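There are 2 protein chains.
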Amino acid sequence: MTSHISPVPLAKASRLLHHGPTVLVSAHHEGVSNVMAVGWACALDFAPPKLTVVLDKITKTRQLVEQSGIFVVQVPTVPQLRLTHEVGNRSLISDPDKLAESGVELFHMDGYGDLPFVQGCSAWMACKLISEPHNQQTYDLFIGEVVGAWADDRVFKDGHWHFESADPAWRSLHYIAGGQFYATGESMVYGEEP
Amino acid sequence: MTSHISPVPLAKASRLLHHGPTVLVSAHHEGVSNVMAVGWACALDFAPPKLTVVLDKITKTRQLVEQSGIFVVQVPTVPQLRLTHEVGNRSLISDPDKLAESGVELFHMDGYGDLPFVQGCSAWMACKLISEPHNQQTYDLFIGEVVGAWADDRVFKDGHWHFESADPAWRSLHYIAGGQFYATGESMVYGEEP
Chain A
163 MTSHISPVPL AKASRLLHHG PTVLVSAHHE GVSNVMAVGW ACALDFAPPK
213 LTVVLDKITK TRQLVEQSGI FVVQVPTVPQ LRLTHEVGNR SLISDPDKLA
263 ESGVELFHMD GYGDLPFVQG CSAWMACKLI SEPHNQQTYD LFIGEVVGAW
313 ADDRVFKDGH WHFESADPAW RSLHYIAGGQ FYATGESMVY GEEP
Chain B
163 MTSHISPVPL AKASRLLHHG PTVLVSAHHE GVSNVMAVGW ACALDFAPPK
213 LTVVLDKITK TRQLVEQSGI FVVQVPTVPQ LRLTHEVGNR SLISDPDKLA
263 ESGVELFHMD GYGDLPFVQG CSAWMACKLI SEPHNQQTYD LFIGEVVGAW
313 ADDRVFKDGH WHFESADPAW RSLHYIAGGQ FYATGESMVY GEEP
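Chain order of the listed sequences is A and B.
The letter at position 98 of the first sequence is residue 260 when you use the numbering used here, and the numbering goes up by one with no holes.
The letter at position 119 of the second sequence is residue 281 when you use the numbering used here, and the numbering goes up by one with no holes.
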């Protein structure tokens with residue numbers, strides 16, 4: 163399964179988020195791993211690539227990010243709709259079996275220790291927390307510098323998403339509210355409008 | 163044309179951005195209006211609704227936002243692909259005819275003075291700048307509080323997007339790079355997976 167996971171050059175990493183997908187944020191600290199869904203994630207810079215994620219104070223994942231200073235932002239796919247909804251609605255604090263019951267399977271990347279990556283996603287970004295206490299406290303806004311990026315080469319290759327030629331199951335999810343998502347749709351190129 | 167523009171309750175305003183579309187940011191100061199495309203825009207809070215946008219230092223729109231303290235974030239549609247690409251690639255600083263040549267037609271909203279809104283979009287949010295000089299200077303990151311929100315009721319009604327039943331021309335654009343966008347795709351509801 164992991165044989166399709168290919169490194170993405172950091173200069174192209176921000177493209178993994180440009181289309182505005184809902185993401186999964188995962189982190190680990192002292193034996194505890196967690197994963198949550200985050201609808202509010204956004205690229206912030208190209209070089210070095212940075213991103214923002216909004217992490218509510220009630221979440222365990224936020225604690226793990228603050229304690230460890232490192233987290234993963236990954237892009238879930240259509241078959242992970244249930245998983246994405248579940249990890250966004252259950253809390254590890256009240257529900258110790260959250261990950262297993264949500265269908266999450268974790269894996270590790272060489273050189274990133276216990277940092278948990280979610281299997282079945284289309285792209286992964288390992289992010290070092292850039293500590294900004296005012297933003298974190300006032301706005302729940304966290305800034306990460308992307309220090310490693312990977313994608314499944316069946317949908318992202320040569321620095322580009324290939325949703326239009328890949329199996330539709332690889333499309334990203336864009337959460338709205340109340341369990342409703344939109345999948346990424348058709349490709350449109352400037353100068354080639356219908 | 164504007165007869166379809168309906169107010170969106172502020173409690174639902176963040177939904178206008180949840181699916182992660184590319185947006186147009188517009189602002190006005192002392193007789194000068196401008197519009198730019200912003201790929202990096204994100205909801206930040208529900209109540210009061212807030213959002214983040216990344217505005218590069220070289221842009222005229224950023225100057226207007228800093229000078230006036232108010233801006234509009236609006237969601238362009240498929241027929242505005244050329245417009246979106248053009249206002250993202252031309253600068254008013256070197257190209258005084260940018261707006262006309264990009265096909266931008268502006269309108270105003272009662273109570274918002276000269277604040278420029280772009281015709282043909284699917285949704286509009288008037289945002290008061292929350293001044294955060296460190297974020298603005300270090301990260302080009304601007305925070306706005308949404309003080310007014312409207313949508314075209316042919317695609318957003320009763321607090322929900324209706325991309326699945328509206329004309330496909332109403333779909334949002336999700337910019338990747340090099341003139342390529344993805345349109346918003348099919349609706350998927352948790353519990354109703356195929």
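Don't take each hint at face value.
One copy or two, it doesn't matter: identical chains are merged, so the pair holds either way.
Stated by the list, open to error - Within a straight-line C-alpha distance of at most 27 angstroms, the following computed BS3-like cross-link-like pairs (lysine-lysine) qualify: (1) K219 / K319; (2) K219 / K174; (3) K290 / K260.
No wet-lab data here; the hints were simulated from the structure.
If you're wondering where the values come from, they're calculated on a predicted model, not measured in any experiment.
Results for each hint:
no.: 1; hint: K219 / K319; result: neither (36 angstroms within a copy, 31 angstroms between copies)
no.: 2; hint: K219 / K174; result: between (31 angstroms within a copy, 21 angstroms between copies)
no.: 3; hint: K290 / K260; result: within (25 angstroms within a copy, 39 angstroms between copies)
Checked against the numbered hints above, the structure breaks only hint 1 and satisfies the rest.
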